[in-house]
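> Make a model of the complete structure from these sequences and hints.
At position 83 of the sequence shown the residue is numbered 83 (the working numbering), and the sequence of numbers has no breaks.
Mixed in with the good hints there might be a few duds.
Unchecked claim - With a cut-off of at most 27 Å between alpha-carbon atoms, the simulated DSSO-like pairs for lysine-lysine come out as follows:
no.: 1; residue 1: LYS335; residue 2: LYS365
no.: 2; residue 1: LYS281; residue 2: LYS365
no.: 3; residue 1: LYS203; residue 2: LYS252
no.: 4; residue 1: LYS203; residue 2: LYS281
no.: 5; residue 1: LYS281; residue 2: LYS252
no.: 6; residue 1: LYS252; residue 2: LYS365
no.: 7; residue 1: LYS254; residue 2: LYS212
no.: 8; residue 1: LYS293; residue 2: LYS203
no.: 9; residue 1: LYS212; residue 2: LYS281
no.: 10; residue 1: LYS203; residue 2: LYS365
no.: 11; residue 1: LYS254; residue 2: LYS293
no.: 12; residue 1: LYS254; residue 2: LYS365
no.: 13; residue 1: LYS337; residue 2: LYS365
no.: 14; residue 1: LYS252; residue 2: LYS293
no.: 15; residue 1: LYS138; residue 2: LYS72
no.: 16; residue 1: LYS203; residue 2: LYS254
no.: 17; residue 1: LYS254; residue 2: LYS281
no.: 18; residue 1: LYS337; residue 2: LYS203
no.: 19; residue 1: LYS203; residue 2: LYS335
no.: 20; residue 1: LYS212; residue 2: LYS72
no.: 21; residue 1: LYS212; residue 2: LYS252
no.: 22; residue 1: LYS293; residue 2: LYS365
no.: 23; residue 1: LYS293; residue 2: LYS281
As the list claims (entries may be wrong) - Derived Cβ-Cβ restraints for the label pairs, each shown as a range:
no.: 24; residue 1: GLY213; residue 2: GLU356; range: 14 to 24 Å
no.: 25; residue 1: GLU330; residue 2: MET24; range: 50 to 60 Å
no.: 26; residue 1: GLY32; residue 2: LYS138; range: 14 to 24 Å
no.: 27; residue 1: GLU356; residue 2: GLU183; range: 27 to 37 Å
no.: 28; residue 1: GLY213; residue 2: SER288; range: 28 to 38 Å
no.: 29; residue 1: GLU62; residue 2: ASP197; range: 45 to 55 Å
no.: 30; residue 1: GLU183; residue 2: ASN69; range: 29 to 39 Å
no.: 31; residue 1: LYS252; residue 2: ILE332; range: 32 to 42 Å
no.: 32; residue 1: GLY170; residue 2: ILE332; range: 30 to 40 Å
no.: 33; residue 1: LYS281; residue 2: ASP173; range: 46 to 56 Å
no.: 34; residue 1: GLU93; residue 2: PRO274; range: 34 to 44 Å
no.: 35; residue 1: SER111; residue 2: ASP197; range: 52 to 62 Å
It is worth saying that the hints were derived from the structure and are not from the lab. Where is the CB? At the ideal position from N, CA and C, for every residue including glycine.
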Amino acid sequence: MVCGCTGTSAQTDADINSNDQTEMVTITDSNGREVTIPSNPQRVVCSGSGCLRLLSYLGGNELAVGVDNIDKKDNSYDKETYNARAYYLAYPEYADLPLIGNHHSDDDPESIIACEPEIIFRTDGYRAAINDDELQEKTGIPVVGLNYGDPTDNRQAMYDSLRLMGQIIGREDRADEVAEFFESQIGDLGERTTDADPAITPKVYIAGISNKGPQGLLSTSLTYAPFTYINADRFNVADSDENTMTQAFIAKEKLIDLNPDTIFIELGTVQLNPSAIDELKDDSCYRSLDAVKTGDVYGMLPYNWYSYNYGTAIISAYYAGKMIYPDQFEDIEIKEKADEIYEFLFEMPEYDILNERFDGIGYTKISL
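What follows is the structure in structure tokens.
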């Protein structure tokens, strides 16, 4: 069987070790490395941002035997509030698993060995102090490197990694289902908004984009996936020469001059004092903004939280669509849509529990 992955296709049913009770196969991982692995692993660890989310998408949560510090219940990232990792909330048992190291694949080889995994899946090996080959050598455990991609320009890399992981743990069909589900939702978003009339479409701005932690009103993005999915990048007031794909800051005077009709705020900002919401409330300079005058300011659950929450990005797009193009999304009830997506991905509706963690203002109009 051939499974697509970034760079080169993964090869299976090869290099079988007939001298061992465990059948071994050789695959090619997302980084082009040939790795010999057990054919039916029952114990794995996921290292790096987004890696455990991929396993959770596949329903492979029971295979995990260790986690990094982000997913331990006693670390600073896991507070009673401000937790946007839907996979973690769906599978709280992750918090009780042994620690394998720190986040972003800052792995401790001895801790991994103690967990006795058969395979190490890894998304951040490219920036770790110990690269994939070195970790494999130090532990004696095969390391499969994965590319997590991004929600706008490189979803295929994530799908390929998901399918590779699915092939390895025997969840190929589920991997296909998840990829097809995401593309069907994104396709629906695009179809609803392709013919939108720019003359009657509001100018929009996204605030509070996180970057190495929470940020305020002037932290924004030109390529904001929820806008991209609904063809709203063209209505984003932020200038391309002042932005990167994921996050950038603009000047206060620039935002006032741009004067958006509608402001969306990613709610990771509520961890700050002052937050982006506080800035709009308390700084008299922002009272001239049309969005503030009309009250068109809306909260968005953050989708980039220990890498991209693909499901949340899609939900945010449906909500932004309802605010920007109300006629095209009049049939969408956002809580119902959110729970449909979370239930497909993690077997439970999660809108309420996620919203509670962000002061109950996710996908609502924010009172100023």
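> Would you mind marking each hint as holding or not holding in the structure?
These are the hints, each one checked on the structure:
Simply put, LYS335 and LYS365 have alpha-carbon atoms about 14 Å apart, close enough for the 27 Å limit, and the pair holds. At roughly 14 Å between alpha-carbon atoms, LYS281 and LYS365 fall within 27 Å of each other, so this suggested pair holds. For the given pair, LYS203 sits about 17 Å from LYS252 by alpha-carbon distance, which is consistent with the 27 Å threshold. A distance of roughly 20 Å separates the Cα atoms of LYS203 and LYS281; the hinted pair therefore holds under the 27 Å criterion.
For the proposed pair LYS281 and LYS252, the alpha carbon gap of about 15 Å is at most 27 Å, so the pair holds. About 23 Å separates the Cα atoms of LYS252 and LYS365, which keeps this hinted pair within 27 Å; it holds. With a C-alpha separation of about 23 Å, the suggested pairing of LYS254 with LYS212 holds against the 27 Å cut-off. Under the criterion of a C-alpha separation no larger than 27 Å, the hint pairing LYS293 with LYS203 is consistent with the structure, at around 14 Å.
In summary, the hint linking LYS212 to LYS281 is supported, as the alpha carbons are separated by about 25 Å, within the 27 Å threshold. About 17 Å separates the Cα atoms of LYS203 and LYS365, which keeps this hinted pair within 27 Å; it holds. A C-alpha spacing of about 18 Å is found between LYS254 and LYS293, which places the hinted pair at or below 27 Å, so the restraint holds. Only pairs whose Cα atoms come within 27 Å are accepted, and LYS254 paired with LYS365 is accepted, the gap being roughly 24 Å.
In summary, the hint linking LYS337 to LYS365 is supported, as the alpha carbons are separated by about 18 Å, within the 27 Å threshold. In summary, the hint linking LYS252 to LYS293 is supported, as the alpha carbons are separated by about 17 Å, within the 27 Å threshold. The hinted pair formed by LYS138 and LYS72 meets the criterion: a straight-line CA distance of about 24 Å does not exceed 27 Å. A hinted pair counts as satisfied when its Cα atoms are at most 27 Å apart, and LYS203 with LYS254 qualifies at roughly 14 Å.
With a C-alpha separation of about 18 Å, the suggested pair LYS254 and LYS281 falls inside the 27 Å cut-off, and the hint holds. The hinted pair formed by LYS337 and LYS203 meets the criterion: a straight-line CA distance of about 25 Å does not exceed 27 Å. Between LYS203 and LYS335 the alpha-carbon distance is near 25 Å, which keeps this suggested pair within the 27 Å criterion. Distance check on the hinted pair: LYS212 and LYS72 sit about 19 Å apart at the alpha-carbon level, within 27 Å; holds.
Distance hint between LYS212 and LYS252 is fulfilled; the C-alpha atoms sit about 21 Å from each other, no more than 27 Å. Our distance criterion of 27 Å between C-alpha atoms is met by LYS293 and LYS365, whose separation comes to about 13 Å. For a cut-off of 27 Å, the pair hint linking LYS293 to LYS281 stands: about 11 Å separates their Cα positions. For the pair GLY213 and GLU356, the beta carbons lie near 21 Å from each other, so the given range of 14 to 24 Å is met.
At about 55 Å, the CB distance of GLU330 to MET24 agrees with the hint of 50 to 60 Å. GLY32 and LYS138 have their C-beta atoms about 21 Å apart, which keeps the hinted 14 to 24 Å range intact. Between GLU356 and GLU183 the beta carbon distance is about 30 Å. The supplied range of 27 to 37 Å therefore holds. Here the CB-CB span from GLY213 to SER288 is close to 29 Å, well matched to the stated 28 to 38 Å.
Restraint check, GLU62 to ASP197: a C-beta distance of roughly 50 Å satisfies the suggested window 45 to 55 Å. Take GLU183 and ASN69: their Cβ atoms lie about 33 Å apart, and the range 29 to 39 Å holds. A hinted range of 32 to 42 Å for the beta carbons of LYS252 and ILE332 is consistent with their spacing of about 34 Å. Remark: the range hint 30 to 40 Å for GLY170 to ILE332 is upheld by a beta-carbon distance near 35 Å.
Restraint check, LYS281 to ASP173: a C-beta distance of roughly 49 Å satisfies the suggested window 46 to 56 Å. The given range of 34 to 44 Å is respected by GLU93 and PRO274, whose C-beta atoms sit roughly 37 Å from each other. Under the hint 52 to 62 Å, the C-beta atoms of SER111 and ASP197, about 57 Å apart, fit the expected range.
Of the numbered hints stated above, none is contradicted by the structure.
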